[in-house]
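There are 4 protein chains.
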Amino acid sequence: MFISSTTIRVRYAETDQMGVVYHGNYFAWFEYARAEAIREMGLTYADMEKMGIIMPVIDVHARFLRPARYDELVTVKTMLKELPLHHKIEFHHEVYNEKEQLLTTGRIILYFMDKTTGHRSTMPESLRQQLEKYFQ
Amino acid sequence: MFISSTTIRVRYAETDQMGVVYHGNYFAWFEYARAEAIREMGLTYADMEKMGIIMPVIDVHARFLRPARYDELVTVKTMLKELPLHHKIEFHHEVYNEKEQLLTTGRIILYFMDKTTGHRSTMPESLRQQLEKYFQ
Amino acid sequence: MFISSTTIRVRYAETDQMGVVYHGNYFAWFEYARAEAIREMGLTYADMEKMGIIMPVIDVHARFLRPARYDELVTVKTMLKELPLHHKIEFHHEVYNEKEQLLTTGRIILYFMDKTTGHRSTMPESLRQQLEKYFQ
Amino acid sequence: MFISSTTIRVRYAETDQMGVVYHGNYFAWFEYARAEAIREMGLTYADMEKMGIIMPVIDVHARFLRPARYDELVTVKTMLKELPLHHKIEFHHEVYNEKEQLLTTGRIILYFMDKTTGHRSTMPESLRQQLEKYFQ
Chain D
48 MFISSTTIRV RYAETDQMGV VYHGNYFAWF EYARAEAIRE MGLTYADMEK
98 MGIIMPVIDV HARFLRPARY DELVTVKTML KELPLHHKIE FHHEVYNEKE
148 QLLTTGRIIL YFMDKTTGHR STMPESLRQQ LEKYFQ
Chain Z
48 MFISSTTIRV RYAETDQMGV VYHGNYFAWF EYARAEAIRE MGLTYADMEK
98 MGIIMPVIDV HARFLRPARY DELVTVKTML KELPLHHKIE FHHEVYNEKE
148 QLLTTGRIIL YFMDKTTGHR STMPESLRQQ LEKYFQ
Chain A
48 MFISSTTIRV RYAETDQMGV VYHGNYFAWF EYARAEAIRE MGLTYADMEK
98 MGIIMPVIDV HARFLRPARY DELVTVKTML KELPLHHKIE FHHEVYNEKE
148 QLLTTGRIIL YFMDKTTGHR STMPESLRQQ LEKYFQ
Chain H
48 MFISSTTIRV RYAETDQMGV VYHGNYFAWF EYARAEAIRE MGLTYADMEK
98 MGIIMPVIDV HARFLRPARY DELVTVKTML KELPLHHKIE FHHEVYNEKE
148 QLLTTGRIIL YFMDKTTGHR STMPESLRQQ LEKYFQ
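Line by line, the protein sequences are chains D, Z, A and H. Start counting at 1 in the first sequence, then tack on 47, and there's your number in this note's numbering. Start counting at 1 in the second sequence, then tack on 47, and there's your number in this note's numbering. Start counting at 1 in the third sequence, then tack on 47, and there's your number in this note's numbering. Start counting at 1 in the fourth sequence, then tack on 47, and there's your number in this note's numbering.
Okay, chain D solo, but in the shape it has when bound (with noise of 0.2 Å):
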């Protein structure tokens, strides 16, 4: 399995009138730790998006167990169960509070897409060189 953990201030605009993190904010924010996940393997989405991969996101769950608000430092652990097959790949997600309280879970499911082509595709081989040394 393959860990990653980054940390977020929340931002105001990321509130709503009931005082916490509106739902659907949540989703920058494990698209912010996927990138920093993939960061951490030496590789960065951006570099992805310039080799001619785009990864849309096609799937996705989240549970909300308790509210993130105002200007608390939230910590999103971004993980890999399994080595990607074929054309998709699944990020499971989790968001605590400072007390460690957790928050909210997430499961991601994106594919590999040939942006010129807009056809399925693969992992790109050096991202699959780096994630196989997590699943030996």
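Hints may be right or wrong, so weigh each one.
Identical chains share a label here; the pair holds if one copy fits it or two copies do between them.
Straight-line C-alpha distance at most 20 Å; calculated DMTMM-like pairs for lysine to aspartate or glutamate [what the hints assert, rightly or not]:
1. Lys97 with Glu145
2. Lys180 with Glu129
3. Lys146 with Asp94
4. Lys135 with Asp106
5. Lys97 with Asp118
6. Lys124 with Asp106
7. Lys124 with Glu147
8. Lys162 with Asp118
In case anyone wonders, no lab produced these hints; they're calculated from the structure.
Dock chains Z, A and H against the given chain D, drawing on the hints supplied.
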């Protein structure tokens, strides 16, 4: 079953550099469509909050089948497949483009919560009475 | 002068924990209102992009006089006070609530830019012809 | 003068189909940078709200000179050029990319407001004492 339909014009702000609507932005559309659905029942979610009931989102699932693009007029369908029991309510959403292609499906579970105490609550009686008509 | 008006229902996602619309969210409303204004002239901004002209925003000024609140139906007025010269176009916006109270004023300057070269461009001739009617 | 600096990694969610950061998203960056600036003074904006002072934004001006792009690590400078008098405070912001190119400038005026009454208020004494050090 209760079904409601509303249209939304895609904003530039909602696109990302992939040239399509960012996945996290669909949740604001679903929320807007639920508010319109409740309005059709003769009530507003804003009124519910004034009555002391808030409805935090506790679980979301969405599948992204085809992208939505800038300036498209999408139709968001909102469905209530069963009368809510106890503290939760489950909405289903479908997003269609102008060619009537299904772009996205969503399932959103919300909680009825007492705004003052933060404890779980039940559906306001006025909303239940409106809804019961659709489930007989 | 060219004047156009459009309405927007305030989304929950657009509020913050102050219980009002977050100031940064008005710019997406202005952008939506500009797109509707251009549509009234018989063209769309989406078409302009397809013709190879993009319009990046280069300068904004907004004053927030009164807050907009969740579920309000606000009216966004878009005004073009003079025919654009050269590479820039300047729009003025006013946001009103249902009581016709002025909530916000905005002034947005955009650039006509060639999408391919990134160099400055001029207003498409088809848009200029439409606009000239309002300035004679 | 008081100057503070903070860095922000550009999120995919913040880009639009022009391939650059959407202009409306800079205001959340400015807000984040102001919160970090206040934290450097030994206070937090979150604390101020708990003390009953809210700070609605009443006037913004921003110029967009160069685009910010996905995954760039931008630096947001926050400057207070004079000690706030009475009810208002004026912050200046500058956004730089990793090549130290100036991308954006902003000027944001906020109001000190009593959260309970909605009337104008003044800067909390604890914040004034911290700030005075920079203006002697």
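Here is how each hint holds up against the structure:
1. Lys97 with Glu145: between (36 Å within a copy, 19 Å between copies)
2. Lys180 with Glu129: within (12 Å within a copy, 48 Å between copies)
3. Lys146 with Asp94: Between copies only: 18 Å across chains, 35 Å inside a chain, cut-off 20 Å.
4. Lys135 with Asp106: within (10 Å within a copy, 23 Å between copies)
5. Lys97 with Asp118: between (34 Å within a copy, 12 Å between copies)
6. Lys124 with Asp106: both (19 Å within a copy, 19 Å between copies)
7. Lys124 with Glu147: Intra 12 Å, inter 31 Å, cutoff 20 Å: intra-copy only.
8. Lys162 with Asp118: between (37 Å within a copy, 18 Å between copies)
Figure legend: structure checked against the earlier numbered hints; every hint is met.
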